[in-house]
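So the sequence shown is numbered by this note's numbering: it starts at 84 and just counts up by one.
Because the hints were derived from the structure by calculation, they are not lab data.
Treat the hints with care, as some may be off.
[What the hints assert, rightly or not] Think about it this way: if two alpha-carbon atoms lie no more than 25 Å apart in a straight line, the pair counts; the simulated SDA-like pairs of lysine to any residue are:
| # | residue 1 | residue 2 |
| --- | --- | --- |
| 1 | Lys153 | Val171 |
| 2 | Lys153 | Cys271 |
| 3 | Lys153 | Val140 |
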Amino acid sequence: MGGNTSGQSSSGQWAGMLTIALTLVGWSVTPVFISYLSPHIDFWTNNGWRYGMAALVWMPVLIIGARKGKIPPGLLRKALVPSAVNVVAQILFTSGFYLIDPAMLIIGLRMQIIFVAIGAAILFAGERSVIASRGFIIGASLATAGTVGVMVFELGEGAGNDRIVAGMALAIGSGAGFGGYGLAVRHCMRGVPSYFAFAAISQVTAGVLLVLMLIMAKDHGAVPLSLSPGLFGLLMLSAFTGIAGTHVLYYMSITRLGVAVSTAVLQLQPFGVGIISYFVLGERLSLPQWMCGVVAIGGAGLVLYIQHTMRHVPTVEPEIEDFAQLPPDAVAAAVIAERETAAVE
């Protein structure tokens, strides 16, 4: 029986490794897809179509749940705050690709981890020891210095400095937005199964982004209908690789490998984006920029490590408790919230 348990554990780990690898691939190709489509559609259209398609993918979860009477009470109300934060983050995120290279933006996005910790420290006095620790200060300083270095060396390359500064500001701003999104999911969706949480958030987010597309986008968002089949297919694929499909894969990874391992693997995203961007878009960062990028990613990784090791209260699920108030991202936040009862405040 022990051997069977060991075999099941090994099988689960292999499945987790596969799903986190697929998540990494999905979140590496999506920034390149968005950048590749940027000459053809504006970011309002991109967001509206991608989230609209993702919402359609998630809608059956709510329909089936409603028919079975399993929808948590007040689900859509609970989804309002996370969705509002997500809308802002998505707008900042997508618009950044219209100004700077994908790899640069994703490196700037690593600041998300820092913003999560700062936000949690503001909300919870017990978490302030994390950001006051030497390791966190070093990690945050490295992440910030590396991100600034990537931008500075790009400025040294020549023209378009205003676009570069604006693009990096959007990248860092989206990192703050996604950090806030994770915290909002963590605390608004307490006790809600993660699949219901993301299904509801997808519907609300898509509704807002579609309205914004109808108001702000060229031809009210109808441009994709005139795209070539290849480009239209790429837009639809980006909805799966960036939102609908990879959220499921990432959730599966966390349940098999844990938050720490899964999140650590995803810190490799900038390298994946850089490699794919080089072959697809012909864009590449200079060696000094990559060196700064490594520093930024290493700093973010150190912050994750400090967060993981500074455990406050031993629990039956210590690996989850490590990230209870500082979820690295929205998916991890949903897993944490799902494992709590709604009665716990």
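Verification of the hints:
1. Lys153 to Val171: Not satisfied, since the Cα-Cα distance of roughly 30 Å exceeds 25 Å.
2. Lys153 to Cys271: Holds - the C-alpha atoms of Cys271 and Lys153 are around 18 Å apart, at most 25 Å.
3. Lys153 to Val140: Since the Cα atoms of Lys153 and Val140 sit roughly 19 Å apart, the hinted pair holds (cutoff 25 Å).
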